[in-house]
Amino acid sequence: MSRRTRAAIAAACAATAVAAVSLPTHAAAASKPTITASGSTSVAPLAFQLARGYLRQHPGRVKFRIAQGGSDVGVADVGAGRVSIGMSSRDPKPSDPTGLVFNKIARDAVCVITNSANPIANLSTAQIQAIFSGTVRDWSQVPGAGLTGTIDIVTRTPASGTQDAFQKIFLGSKTVSSTASAKASNGLVQQAVKSDRNAVGYVSLDFVRDVHAAAYNGVACDLRNAKSGAYGGVRNFWMVTRGPATGPVRTFINWVQNSSRAQAIVGTHWVPLR
Amino acid sequence: MLGALAVVVLLVIALMLTFVAIRAWPAFQHNGLHWFGAQGDVDQQISTMVNTGANPSPADYRFGAWPLIWATILTTGIAVVVGLAFALLSAIFIVEFSPLALRRVLVPVVRLLAAVPSVVYGLVGILVLAPFVGDHLISSDRRTSVEFVIQLSGPGLLVSVVVLTVMITPIMIAIIVEALHAVPRSWKEGAVALGVNRWRAMWTVSVRVARPAILAGAVLACARALGEAIMLSMASGGKGFAPNPADGLTFVFEPLRPLAATIVENVESINAPAIRANVYAMSLVLLLSTLTLSFGAWMAKRSMRRYGVAG
Amino acid sequence: MAALGLRAPRRKRHESLSSWRIRDRVGLAMCWLAGLTLCAIAGAIVLYMAVRGVQYLRPELLLSKPEATMDQSRSGGFLDPIVGTLLLTVIGIAIATPLGVCTAVWMVEYGRPRWLARLVESGIEVVAGTPDIVIAIFGLALFQQGIFSWLSFTSADGAVFGRSFLTAGAAMSLIALPMVFGSTREALEAMPRQLREASYALGKTQAATIRRVLVPAARPSISSGAVLGMGRIVGDTAVVVVLLGATLRIDPSGSLPGVDVLRGTGGTLTSYVYNNSPAGEGNAPEKAYAAAFVLLIIVMALNGAVELISRRAGGSVLAQGRT
Numbered sequence: 001m002s003r004r005t006r007a008a009i010a011a012a013c014a015a016t017a018v019a020a021v022s023l024p025t026h027a028a029a030a031s032k033p034t035i036t037a038s039g040s041t042s043v044a045p046l047a048f049q050l051a052r053g054y055l056r057q058h059p060g061r062v063k064f065r066i067a068q069g070g071s072d073v074g075v076a077d078v079g080a081g082r083v084s085i086g087m088s089s090r091d092p093k094p095s096d097p098t099g100l101v102f103n104k105i106a107r108d109a110v111c112v113i114t115n116s117a118n119p120i121a122n123l124s125t126a127q128i129q130a131i132f133s134g135t136v137r138d139w140s141q142v143p144g145a146g147l148t149g150t151i152d153i154v155t156r157t158p159a160s161g162t163q164d165a166f167q168k169i170f171l172g173s174k175t176v177s178s179t180a181s182a183k184a185s186n187g188l189v190q191q192a193v194k195s196d197r198n199a200v201g202y203v204s205l206d207f208v209r210d211v212h213a214a215a216y217n218g219v220a221c222d223l224r225n226a227k228s229g230a231y232g233g234v235r236n237f238w239m240v241t242r243g244p245a246t247g248p249v250r251t252f253i254n255w256v257q258n259s260s261r262a263q264a265i266v267g268t269h270w271v272p273l274r
Numbered sequence: 001m002l003g004a005l006a007v008v009v010l011l012v013i014a015l016m017l018t019f020v021a022i023r024a025w026p027a028f029q030h031n032g033l034h035w036f037g038a039q040g041d042v043d044q045q046i047s048t049m050v051n052t053g054a055n056p057s058p059a060d061y062r063f064g065a066w067p068l069i070w071a072t073i074l075t076t077g078i079a080v081v082v083g084l085a086f087a088l089l090s091a092i093f094i095v096e097f098s099p100l101a102l103r104r105v106l107v108p109v110v111r112l113l114a115a116v117p118s119v120v121y122g123l124v125g126i127l128v129l130a131p132f133v134g135d136h137l138i139s140s141d142r143r144t145s146v147e148f149v150i151q152l153s154g155p156g157l158l159v160s161v162v163v164l165t166v167m168i169t170p171i172m173i174a175i176i177v178e179a180l181h182a183v184p185r186s187w188k189e190g191a192v193a194l195g196v197n198r199w200r201a202m203w204t205v206s207v208r209v210a211r212p213a214i215l216a217g218a219v220l221a222c223a224r225a226l227g228e229a230i231m232l233s234m235a236s237g238g239k240g241f242a243p244n245p246a247d248g249l250t251f252v253f254e255p256l257r258p259l260a261a262t263i264v265e266n267v268e269s270i271n272a273p274a275i276r277a278n279v280y281a282m283s284l285v286l287l288l289s290t291l292t293l294s295f296g297a298w299m300a301k302r303s304m305r306r307y308g309v310a311g
Numbered sequence: 001m002a003a004l005g006l007r008a009p010r011r012k013r014h015e016s017l018s019s020w021r022i023r024d025r026v027g028l029a030m031c032w033l034a035g036l037t038l039c040a041i042a043g044a045i046v047l048y049m050a051v052r053g054v055q056y057l058r059p060e061l062l063l064s065k066p067e068a069t070m071d072q073s074r075s076g077g078f079l080d081p082i083v084g085t086l087l088l089t090v091i092g093i094a095i096a097t098p099l100g101v102c103t104a105v106w107m108v109e110y111g112r113p114r115w116l117a118r119l120v121e122s123g124i125e126v127v128a129g130t131p132d133i134v135i136a137i138f139g140l141a142l143f144q145q146g147i148f149s150w151l152s153f154t155s156a157d158g159a160v161f162g163r164s165f166l167t168a169g170a171a172m173s174l175i176a177l178p179m180v181f182g183s184t185r186e187a188l189e190a191m192p193r194q195l196r197e198a199s200y201a202l203g204k205t206q207a208a209t210i211r212r213v214l215v216p217a218a219r220p221s222i223s224s225g226a227v228l229g230m231g232r233i234v235g236d237t238a239v240v241v242v243l244l245g246a247t248l249r250i251d252p253s254g255s256l257p258g259v260d261v262l263r264g265t266g267g268t269l270t271s272y273v274y275n276n277s278p279a280g281e282g283n284a285p286e287k288a289y290a291a292a293f294v295l296l297i298i299v300m301a302l303n304g305a306v307e308l309i310s311r312r313a314g315g316s317v318l319a320q321g322r323t
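Protein chains in written order, with my numbering: chain B, 1 to 274; chain F, 1 to 311; chain G, 1 to 323.
Worth flagging that the hints you see were computed from the coordinates, not collected in a lab.
Heads up, some of the hints might be wrong.
[What the hints assert, rightly or not] Some chain B residues close to chain F (C-beta under 7 Å, calculated; not the full set): (1) Asp72; (2) Asp91; (3) Arg137; (4) Gln141; (5) Ser181; (6) Gln191; (7) Ser195.
[What the hints assert, rightly or not] Distance windows between CB atoms, simulated: (8) G:Lys204 to F:Leu194: 39 to 49 Å; (9) F:Gly37 to G:Arg212: 58 to 68 Å; (10) F:Thr18 to B:Thr246: 52 to 62 Å; (11) F:Ser186 to G:Arg212: 29 to 39 Å; (12) B:Gly243 to G:Arg112: 52 to 62 Å; (13) F:Thr18 to B:Gly149: 46 to 56 Å; (14) B:Pro94 to G:Arg114: 37 to 47 Å; (15) G:Arg112 to F:Thr18: 18 to 28 Å; (16) F:Ser139 to G:Val26: 32 to 42 Å; (17) B:Thr175 to F:Leu137: 26 to 36 Å.
[Unchecked claim] Calculated Cβ distances over 10 Å to all of chain B for the following chain G residues: (18) Gly27; (19) Val51; (20) Pro278.
For every residue, glycine included, the Cβ atom is placed at its ideal position computed from N, Cα and C.
Okay, chain B solo, but in the shape it has when bound (with noise of 0.2 Å):
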């Protein structure tokens, strides 16, 4: 290797080194307690809005790592102590890890999707489920529907908050069709729903775009609705501790609960305690 190959590595590691260090720039002198959390993916957004404003409102009070992996390595993290907050989109499972304390932060519409070539009006909580059990299999069956063919059913995968959520209050007893596709995230199940139009699955309420969000007993899925209460299909965001929540974390997680300037960025995309 000649030189000036040799130098040119050497300046390009050290350009990565500086990088590296200087580019975090909030590596402050002073040792600041670390808020950990980690979870799920929907609600990993809200987090880390809530944290800048928090920092905003209270800077230098502590420090935060927000990573995501979904609500179950969220629920099993903070269980095994790995981190201080798990954040999670499904309400509290029997077969959850003992002493943990759920702590509401927001809400969450979910809204059922169809194509936009099959704008149904609205489906009411019986059609709903006889949908997506699979009793009814034919959009000619489901009064509203703008076209004819078998109803493709699009779900979540068995981890997946939502989907628990979609179980327990769309369903209630009843169980998705063992015929369903399963997807990973909402935005799978969002283009699933674009591209085929016999479609029909549910979303997290941002992810209606280039789709048609179904009123849901009448009522249309968005964000004012959900806020009044009017619409009934809102789901809960958590941020689990484990045992009752103390110290920095516990500052953080009243500041999310009461303060007025939370509960604001709450308000933009989600629906507020209060």
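Based on the hints, put chains F and G in the right spot on chain B.
Relative to the frame of chain B, chains F and G by itself:
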């Protein structure tokens, strides 16, 4: 000291194998050899395991992975066979028959394609291919004929195999092109001097000499196809169903989900003991298949070693 | 002859196709078909990515950090993921190259006992064929054990988080190892025996021969193997998503500069593309395309580097080693 480092590498690999095997053991303990068979709806079993969480009963470990194994065999097998034929012909084209300007463009492009991340291929699959197949190739009659068993929307065997073939072919093309270039020119020139035409000289001399490399490329592509998780979890249809060739043309559109895609979809719940055992069991099956693959290739290479160019 | 106004008989550049058998003509036709299909598909994919990428890529995206806003499609860039990709690649290759080179050297130059050499060879083939998701879950489980707490950070309760640049880098090195090993071994095996014998004849020990003669001569192959490994690391998604925590920005684990970045979490371009595509929950496909385009450019640069290195090696010992 060098020997010590080599032993360290070996120890890490052995650690990985033992680790996966140990964690996979409960799944085989509760299912025995039936784990490899079909014991009902795979998705239902996974759902049960996820919902029982931290305290599963022995019955919750029940899992029959055959639909997933069959899906893996189908997608990998078809993709490798089709990809190999296509790669061989393309490589011969690149080396022998293509105009020089085209060759200079194609080789870097092929190498680039081999490095495109799988998410992008998955996106192409669900944004372009799956809607096309769903809208134009699947008739509503076909859908109603199977509506009580599965859904025929776009994603399925056809889309998965097409995208998977496109994903693994560049690797094979790159390896075969290099091997064909490494064939001594004098050998080809000898054939041409004897009056053989270019195609035949290529086929009977160069390709035959490059057989070990072609085999190595096929094995590499097969390993990549076996391990392809993210693209397949997006484009393959999301249902643990074993496509049935006896269904005729419908077979091509049926949804399925290979082993690696199932693993990646269930990594989230890996802290639940029942799911953990079965996910590691699936990983063990994948590991052992690649082991068997390389062993088979080694045996085949030994018989080719006499005239071959090393792959 | 031109002066006489006569033209030289034009010799055909290619032999006449009509003298070929049917089978050969069919073969030729299939080759052309395959080649043209390849051009079409390759062109389509590259054009698709280029069009989408250029459509959404703006210079400020490259230089600004990701913002924690809801409307990801309009704010923030991906500077941190780019640095994350580079950092992870450097760590992965820094671990893989010495390991791979040393193992290959041991295998070719010493290689005793024989059964151990064969085991090591099969072991590396196993790693080469292992799906990256399996390496990822193995890495996660391994690095969450207590002895590895120095690689990531420990929470207040004493449990190890297990996700950091160092842990992901270690897993990535396993992925890049077979490439480095393979290239080095090929280079060493292709070297003529006379090279070693000449060195021994001059009185050098085996260790000195390896250090001063063989490894420097194999350097172009080692470099190209390392660059191939880097290509694999850059494009890998599963290991990053599982082992790096997928935080928006690079989050150092403490206040010590440098080391704590390595022990902290972050994201790379691949996890960024994954999170913003429909497969993740970021809901910003425009940014995903732009980031994928940047990723492709990085890969092109890496491939170009391989080309340069292998062209430079044209006059080296290796070329003489081939017939």
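Status of the hints after comparison with the structure:
no. : hint                             : verdict
1   : Asp72                            : holds (5 Å)
2   : Asp91                            : violated (12 Å)
3   : Arg137                           : holds (5 Å)
4   : Gln141                           : violated (12 Å)
5   : Ser181                           : holds (4 Å)
6   : Gln191                           : holds (6 Å)
7   : Ser195                           : holds (4 Å)
8   : G:Lys204 to F:Leu194: 39 to 49 Å : holds (48 Å)
9   : F:Gly37 to G:Arg212: 58 to 68 Å  : holds (60 Å)
10  : F:Thr18 to B:Thr246: 52 to 62 Å  : violated (40 Å)
11  : F:Ser186 to G:Arg212: 29 to 39 Å : holds (35 Å)
12  : B:Gly243 to G:Arg112: 52 to 62 Å : holds (58 Å)
13  : F:Thr18 to B:Gly149: 46 to 56 Å  : holds (52 Å)
14  : B:Pro94 to G:Arg114: 37 to 47 Å  : violated (57 Å)
15  : G:Arg112 to F:Thr18: 18 to 28 Å  : holds (25 Å)
16  : F:Ser139 to G:Val26: 32 to 42 Å  : holds (34 Å)
17  : B:Thr175 to F:Leu137: 26 to 36 Å : holds (31 Å)
18  : Gly27                            : holds (39 Å)
19  : Val51                            : holds (19 Å)
20  : Pro278                           : violated (3 Å)
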